Amino acid sequence: MPKYAMVIDLQRCVGCGACSIACRNENNVPDGIYWSNKITETSGTFPNVRFHYLPTLCNHCSDAPCVTGCPTKAMYKLDNGITMHDPKKCIGCRYCQYNCPYEVIYFNWQEPHKFWRDPKPVIEGGTSSPKEMAQKVNNGNATPYSNPDRAKTLPENRPKGVVEKCTFCDHRLKAGEIPFCVEACPADARVFGDLDKPDSRVNWLLGKYKPYRLKERLGTEPNVYYIRSFNPAHYQRTKGGI
Amino acid sequence: MEMKHKKSEGILNDFLNDFQMSRRSFMKRASAATGGAIALGTSFKPTLRALAEASETGSAAAGEWKAATCQGCTSWCSKQVYVVGGRAVKVRGNPNSKVNGEASCPRVHLALQQVYDPDRIKTPMKRTNPKKGRNEDPKFVPISWDEALGTIADKIMELRNNNETHKYMLMRGRYSYMRDVLYDRMTKIIGSPNNISHSAICAEAEKFGPYYTEAYWGYRQYDVTRARYILLWGADPLAANRQVSYYSAVWGDAIDSATIAIAEPRLSATAAKADEWLPLKPGTDGALAVAIAHVLLTEGLWYKDFVGDFFDGDNRFVAGQYLDETLFEEKHTNGIVKWWNLELKDKTPEWAAKITDLPAEQIKRVAVGYGRAAPHAISWLGGGPCMQARGAYASMAVHALNGIVGAVDNVGGTQQSNKEYTTKFPEPDDFMDEIAKAGKKHKKIDHRGRLEFPALNKKPGGGVVTNNAAEGILNADPNEIKVAIGYMNNFAFSCPQPERWERALAKIPFLVHITTNASEFSWFADILLPDTHHMFEKWGYVKAIGNGYRHVTLMQPIIEPVGDYKIDETEIPWLIAEKLNERGFGNLLDHFKAYKDPETGKSPTNEKEFALYALKYATQNLWDPAKYQGGDKFNGWEDFLKAGVWNSDPYPYRKKWSNMKTKTKKFEFYSETLKDVLEKHAEKHNTTVDNVLEVCNYLARGEMAFVPHYEEPLIAGDAKEYPFIHVDYKSRLNREGRSANCTWYHDFKDLDPGDVPWQDVAKINPADAKPLGIQNGDKVKLTSPTGSLTCTASLWEGVRPGTIAKCYGQGHWAYGRVASKVFGKVPRGGSSNDLIPAQYDRLSGSTAFYATTRIKIEKV
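Chains A and B, in that order, are what the protein sequence lines are.
Take the first sequence: its position 74, counting from 1, is numbered 84 in the working numbering, and each next residue is one higher.
Take the second sequence: its position 168, counting from 1, is numbered 170 in the working numbering, and each next residue is one higher.
Everything labelled a hint here was simulated from the structure, so no lab data went into it.
The reader is advised that the hints may include incorrect statements.
[Unchecked claim] Straight-line distance between alpha carbons at most 20 angstroms, and here's what the computed EDC-like set of lysine to aspartate or glutamate pairs gives:
no., chain 1, residue 1, chain 2, residue 2
1, B, K823, A, E134
2, B, K128, A, E134
3, A, K218, B, D752
4, A, K218, B, D258
5, A, K130, B, E363
6, A, K141, B, E562
7, B, K823, A, D73
8, A, K162, B, E562
9, B, K141, A, E134
10, A, K48, B, D752
11, A, K220, B, D258
12, A, K124, B, D749
13, A, K249, B, E363
14, A, K184, B, E66
15, B, K823, A, E226
Because the structure is a prediction, the values reported are computed rather than measured.
Whole structure, please, built from the sequences with the hints as guidance.
What follows is the structure, encoded as structure tokens:
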């Protein structure tokens, strides 16, 4: 069985967010929910100031607190290491959100894509309304650009009252394709692979560089690893001084 | 996490309002549903039912990846769109392109929200409120294409019948290379000189430097993977233009092999990953550039194989010392010693440090590092240093550094565009009757070529002065404009001091806007025509350079259009031509019939055929094996369509050395080429070059006019009343100002370092904010001598103290329900252009956006 993991090369990452927007598209994620996200930090004081960007997503922890704490087993592990969610079992209690130390699980507080149910046009007779556009293009199914491929393993659009999060594009993996964020990254900063394959690119990178994971001390055993630095800048050598 | 944003509190309230059940009903439902699913509230569907409905919406139908082109910025990448049942679902880079390959910047995905934007115009409309103004609702009503086109044709015929064709104007915005059909041919055959492009509000000043040094009026490509030093000036290739997809793809590697330094008043996306950030005072790039040039020479770091050397090999460039030109044997350049004598000899790092407010030691370090990397040392000229009132010479100075280090046309340096083989459309001359010829003789409405607007695009008056067309219209100078068509432009938003355009457009008796959305410009129109979306619904092509190649990438209609859209550049002109023909003027239609299908030899018989044949005609040398000239080879048209893109041959390095189109054939530090056109312009107006410069607000006199030098910036506003210099720039997710109606634009706004989702922020350094009592999230008003805007304050260390940085892109009061706060009435955020005065770099005709004005900030 594969054991899927992702290695994110921060040096290649340019902080563009294509991963997060592409993911939003691929998985029909509602506004306000970020299956793929980021942690940014501005450190220092002008002019010695830097901006750092860290892409984040569900870590698909080997010892996932969201799974352990789910009262209905709606949150569960697939054999390939993916932390998966079954909305049919979800009671919307949000314990998973509370237990996850990474804030990567989101709750659908409302019916998703509310924007597309608005029946008002801005110019009567001259423009559509969101409702009309969604109806004409996609039979009223959530958004006009809704990706049907997502429906292979999850509802194409999750309903109000259940949580959702990154699934490592399990629906794409089924079709032999890498997750869409990995494909969409222009910098090839995201590398996906199987830790159980000794010669996989992820294993190779994890050996070549000292990787780190988020909040390792908590023992969740994340499967998203980070290598190198977002800003490997040169500086003029110095011994400092007193 | 979604709880961070204020708007989530509203969502929580919504949810809790649905939670209308008693404890008893809670228990009842819990036991009823096995597996523990609980239904909450009467308006909340039981989870099982909701899921059942969700999965009823159909299984995954097979989709197909179709070739397309993105014009979200002018990187003009080649793309592929995943189309399922006539519906665009997702996008990726086109692996067939050697320029961008599979790489895609983030904003391409927003095109999906653009093409299915509910606020798109779906049918032609006409204005029913005769009054025009910012606060006048046009009261548009839908009309048929027939009525719309008939009315337009009537108005054009009226001009023809009164010999007033010069009062017709065409305003061009976002174009493809089908543009000459509407922009050039139709305007000429009707008989007007007034085809006005938007180029001057893009980055024409960025072409001025490369032209008056190496005779290249165009954007450059940069060989970053083979460079050893990359010095960027007001350019942010990881966020904004140009060829963002390619540079994002390779930047992680470039960082390994090159030192990266960036001159930019704010901490940009590219600066965040740079080795050196040079946060100079806005408007002082010229000073920094000439100081670096000074160091390159005094340290002996110029590239001898390109520039040449002193006859005896002894470096005589010493600070402050005038030199005898005959001591130096120049190779592929012209005027290095002259330039030293005129400008560089006193421009030390210490001198520049006082002006730029950068440490002299940093200036020297960057200069030496840059020089040591020669010839693989790029000086990357962006819009920042040159789209300023006195930006032309900064443009030359920044680009001239490439000449000093031999990076010009070289490996690891800066390149021009590769050869491509598209053809121009048939000439209009045979179809211009006497009325047209007479009309065309009039002077243009933008005043290019006048004493005060040299607009030296290769020749006096050669370039457009877009923003000044508003003055021409307002003053009926040289004449009034009676009939105007604008396409995919929005000058009442995208030009500085846009209220002038509001007044100008209100004056035009008959205005047509071809557009996807009813924008600020549309508000003054008499007729709106629904345009296709370039990426999914149009036939066309554009060209772009990067990675040592040039690609010609196709636009094709690949989805089922929802509205009754027609293509701006081809279908609409054909349909107007048909109407003109019905009214007795057949020249335009006859001209269009010359655009024959190269495969069948047939003339087009309708607008759809015309749109397709025009594209096949222009690109024939690329797809027709019988006409092959170079680059990719195709079996024919269908083969080309499938690939979606043609790639040129690889870049031929160093072929231009001593073979440039400059007056001396060399790379000019002392520009004989600029001297020639300035003298021509002065002669035309019976005056001197010195007078031209004075009229154009430049400080240089005498020989200084022909060399790159530092000009003190022209910044409006008194420093006491307006303590901060305004820093304007493009948001990462801008699709040329057209993405503000996409929810994803706002949801991901903090991809701009220092910005905040769903806010329009002005970024201020905390040290500046504290004494003013301004805190994060405060509502603030920015005021300049020109105008004001309201937005939110964001305290951020990445802002140079004494400046306030704000993205361009928000502040729409029309365009759509998301872009505006109240459509047609209240803007969401504030538009930078309201602060910026209508100023120009008159030598290039460009509009000034940067280092133009001081502002003040107040809490409201």
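Status of the hints after comparison with the structure:
| no. | hint | in the structure |
| --- | --- | --- |
| 1 | K823/B to E134/A | holds (18 angstroms) |
| 2 | K128/B to E134/A | holds (12 angstroms) |
| 3 | K218/A to D752/B | violated (33 angstroms) |
| 4 | K218/A to D258/B | holds (16 angstroms) |
| 5 | K130/A to E363/B | violated (61 angstroms) |
| 6 | K141/A to E562/B | holds (18 angstroms) |
| 7 | K823/B to D73/A | violated (46 angstroms) |
| 8 | K162/A to E562/B | violated (25 angstroms) |
| 9 | K141/B to E134/A | holds (9 angstroms) |
| 10 | K48/A to D752/B | holds (10 angstroms) |
| 11 | K220/A to D258/B | holds (18 angstroms) |
| 12 | K124/A to D749/B | holds (15 angstroms) |
| 13 | K249/A to E363/B | holds (18 angstroms) |
| 14 | K184/A to E66/B | holds (18 angstroms) |
| 15 | K823/B to E226/A | violated (44 angstroms) |
The structure shown violates the earlier hints numbered 3, 5, 7, 8 and 15.
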